[in-house]
Amino acid sequence: MTNNWSDTTTLSTRVRNLLIALGAIAISITIFLGLQTDTPSLSLEAQAEEATSLEVALRSEKPTFLEFYANWCTSCQAMAKDIGELKQTYGDRVNFVMLNVDNDKWLPEMLQYDVSSIPHFAFLDQEGKPIASVIGEQPRSILDRNLQALAQNETLPYESKQGARSSLESAKPTPSSKSEVEPRTHGR
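Each residue of the sequence shown is one higher than the one before, counting from 826 in the numbering used here.
Possibly wrong hints are sitting among the right ones.
[Stated by the list, open to error] DEER-style ranges, computed between Cβ atoms:
(1) Thr855 with Glu962: 17 to 23 Å
(2) Glu934 with Gly848: 53 to 59 Å
(3) Glu886 with Pro964: 28 to 34 Å
(4) Ala903 with Asp927: 17 to 23 Å
(5) Ser942 with Ala851: 47 to 53 Å
(6) Ile854 with Glu910: 27 to 33 Å
(7) Glu874 with Asn842: 42 to 48 Å
(8) Glu910 with Ser853: 28 to 34 Å
(9) Glu874 with Asn978: 25 to 31 Å
(10) Ile850 with Asn978: 51 to 57 Å
(11) Glu979 with Ile850: 51 to 57 Å
(12) Gln937 with Ile854: 22 to 28 Å
(13) Ile845 with Lys930: 51 to 57 Å
(14) Ala849 with Asp929: 47 to 53 Å
It should be emphasised that the hints constitute simulated quantities derived from the structure, not laboratory data. All residues carry an ideal CB built from backbone N, CA and C; glycine is no exception.
Go ahead and model the full structure; you've got the sequences and the hints to work with.
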């Protein structure tokens, strides 16, 4: 009888081990195939690598969506998925350009588009002329409607027009007399 019980236990152990091995193989195949899918990466870094270069965009005669970003920017990272999906929708009609503000190469463009904070988005017409800009984390719906209008050469429904600015030089008060105390003299 001991021999019969030993054979049953051995058979049960073998079946259990076989089921565990088959389960492990099935899980491994599922993970492998999941990693091999053709879904594009929507990370900020991956999008920057796949973005249209500024030079190509400005010569393409298509409107351009220009994003000034940084890898450390949490708002930029938070918007990466939405912008990646919008690129899939509008990428055939609108250039998507990404310029990293940490790269000194883009300093002239940062000055040209008055980038003072990020994310900073500029919308350019087919000739590469700026139409509008928006600054900061934007809801997907706002960007979607702006990109739709940009692709159709229509007025953007959500745009931030920048008004006149005062220069620091002209804002400095001039003393009315020499006896007045100026801040830098500290009363001397």
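- [ ] Please flag the earlier hints that this structure goes against, numbers listed from lowest up.
- [x] The structure breaks hints 1, 12; every other hint is satisfied.
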